[in-house]
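Peer 1: Start from the sequences, fold in the hints, and give me the full structure.
Same order as they appear, the protein sequences are chains A and B.
Heads up: the first sequence at position 123 corresponds to 123 in the UniProt record's numbering, and the numbers run straight through without jumps.
Heads up: the second sequence at position 74 corresponds to 74 in the UniProt record's numbering, and the numbers run straight through without jumps.
Check each hint, because a few of them may be wrong.
[Claimed, not checked] No more than 27 Å apart at the CA atoms, straight line, and that leaves these computed lysine-lysine pairs for DSSO-like: (1) 91(B) <-> 138(A); (2) 58(A) <-> 58(B); (3) 56(B) <-> 78(A); (4) 91(B) <-> 31(B); (5) 89(A) <-> 78(B); (6) 78(B) <-> 79(A); (7) 46(A) <-> 47(B); (8) 152(A) <-> 40(B); (9) 31(B) <-> 150(A); (10) 218(A) <-> 46(A); (11) 78(B) <-> 56(B); (12) 79(A) <-> 108(B); (13) 58(B) <-> 46(A); (14) 31(B) <-> 78(A); (15) 78(B) <-> 231(A); (16) 142(A) <-> 31(B); (17) 218(A) <-> 31(B); (18) 150(A) <-> 218(A); (19) 59(A) <-> 108(B); (20) 101(B) <-> 78(A); (21) 231(A) <-> 101(B); (22) 78(B) <-> 101(B); (23) 47(B) <-> 2(A); (24) 40(B) <-> 78(A); (25) 2(A) <-> 78(A); (26) 58(B) <-> 146(A); (27) 46(A) <-> 150(A); (28) 152(A) <-> 108(B); (29) 96(A) <-> 146(A); (30) 56(B) <-> 46(A); (31) 89(A) <-> 2(A); (32) 213(A) <-> 2(A); (33) 91(B) <-> 2(A); (34) 58(B) <-> 71(A); (35) 71(A) <-> 31(B); (36) 2(A) <-> 79(A); (37) 56(B) <-> 89(A).
Hints in this document: simulated from the structure, not taken from any laboratory.
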Amino acid sequence: MKLTAPQIEHLFTFTRQHYVEWYDLQSELVDHLANAIETQWQENPKLSFDEALNIEFKKFGVFGFMDVVEKRQAVLRKKYNGLVWEHIKGFFGIPKIVLTITMTLVLFSILKVSIYSGWIFMGLYLILMVFSFYKIFKNRKKKQLKAQTKEKIWLFEEIINQYGSIAGIIVLPFNIFNQLIDQTDNFFGNVYWVLGLSFFSVVFFILVFIIFKIIPAKTEEYLLATYPEYKLEKL
Amino acid sequence: MYKILMYICFSIGDCFVPRNDKKMKNSQLYKGSLNTIIMKLLEENGKMYGYEITQKVKAITAGELNITEGALYPALHKLEAEGILDVEIEKVDNRMRKYYKLTEAGTKETVNRLAELEDFIRTMQSLVNPKLEF
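Peer 2: What follows is the structure, given as structure tokens:
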């Protein structure tokens, strides 16, 4: 006996109720449960759909689907971090390294010459922070809208839109600089410090640009490479 | 009883549930071999889906070993991320089925891992059952 379309739909709802929000994981678990229920029916045709489902769900253990979800998230986060790293490396290879060096030298010259170097630095950093938070806020809205319209959510897409686990570090350099702001005169008087700070700021700018611009712009491409079913769903 | 066994299985991070309660402690010995078992099965069968793998292991070992679902899928996803497995999707009976198969690199890696496992078995055998020479 095979499962009917409404029963398959019920299995999707069942996975959602057990905290699996992402279609890629849902569809794999639904197929697993459906196969297992069909095997149960071969051995015991009198078993109801719900009874068979309960038996199979218990086989996932006391944590239900959580272990599968958490490990999948970990694997995809690692993949995302790898993507970010690949892009960063790109900025230190030919030809982009020219841009990295130029940006560092331009920032270094500005910070070195201007008497308002502390404020310029803070201003640039604030612009970067506002931009980052705007993107985070916009994506949160987009996610809420997707949830309302019950559009399919893909785990890797969510990781890209949540900016992996990297988004949290945006505030960190600001806090550090805030601690140092009282000593800005000493700080900006030292050429090596200014050069280091310029280089660090450029790398940070590149990182924010990769996380919030380059990778999200290629989401479709990455989803197609990650999920063969994504192409089928989009047809 | 089964529930308790599953709980213990998860607590110690095991991947297998042996058939008999008495053999519970043995399941730890199989833990490190889950990936190799999956790769070996895929080498023999070409492409397989998750449920099929659990059933195949059950059939080969005459029900002696059951791969737990909570361990199988993380292992498959990890192998996929490492480039050892590739995935294929087919629509079967009004649902999507995800098949796993070895990549070229995965096929080479399977040979290495099987050789490693065989070495391990030989070493263990000589330790557990040493042939003493006088």
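Peer 1: Given the hint that residue 142(A) pairs with residue 31(B), test it: the Cα-Cα distance must not exceed 27 Å.
Peer 2: violated, 41 Å
Peer 1: Does residue 40(B) lie within 27 Å of residue 152(A) when you go C-alpha to C-alpha?
Peer 2: violated, 34 Å
Peer 1: Take a quick look at whether residue 58(B) and residue 46(A) sit within 27 Å of each other, Cα to Cα.
Peer 2: holds, 24 Å
Peer 1: Quick one, are residue 150(A) and residue 218(A) close enough, alpha carbons at most 27 Å?
Peer 2: holds, 23 Å
Peer 1: Would you check the hint for residue 2(A) and residue 79(A), treating anything up to 27 Å between C-alpha atoms as holding?
Peer 2: Status violated; Cα separation ~37 Å.
Peer 1: Just to be careful, I want the Cα atoms of residue 91(B) and residue 31(B) compared with a cutoff of 27 Å; is the pair within it?
Peer 2: violated, 32 Å
Peer 1: Take the C-alpha atoms of residue 78(B) and residue 79(A), compute the straight-line distance between them, and say whether it is at most 27 Å.
Peer 2: holds, 10 Å
Peer 1: With the threshold set at 27 Å, check whether the alpha-carbon distance from residue 31(B) to residue 78(A) stays at or below it.
Peer 2: Roughly 23 Å separates the two Cα atoms, so the pair holds.
Peer 1: Please work out if residue 89(A) and residue 2(A) have their alpha carbons no farther apart than 27 Å.
Peer 2: Outside the cut-off at roughly 51 Å; violated.
Peer 1: For a C-alpha distance cap of 27 Å, please report whether residue 91(B) and residue 138(A) respect it.
Peer 2: Judged against 27 Å, a Cα distance of about 35 Å means the pair is violated.
Peer 1: Starting from residue 79(A), check that the Cα of residue 108(B) is at most 27 Å away, please.
Peer 2: holds, 22 Å
Peer 1: For the pair supplied as a hint, residue 78(B) and residue 56(B), confirm whether the alpha-carbon distance does not exceed 27 Å.
Peer 2: This hinted pair holds, its Cα atoms lying about 20 Å apart.
In this structure, the earlier hints numbered 1, 3, 4, 7, 8, 9, 10, 16, 17, 19, 25, 26, 27, 28, 29, 31, 32, 36, 37 are contradicted, and the remaining ones agree with it.
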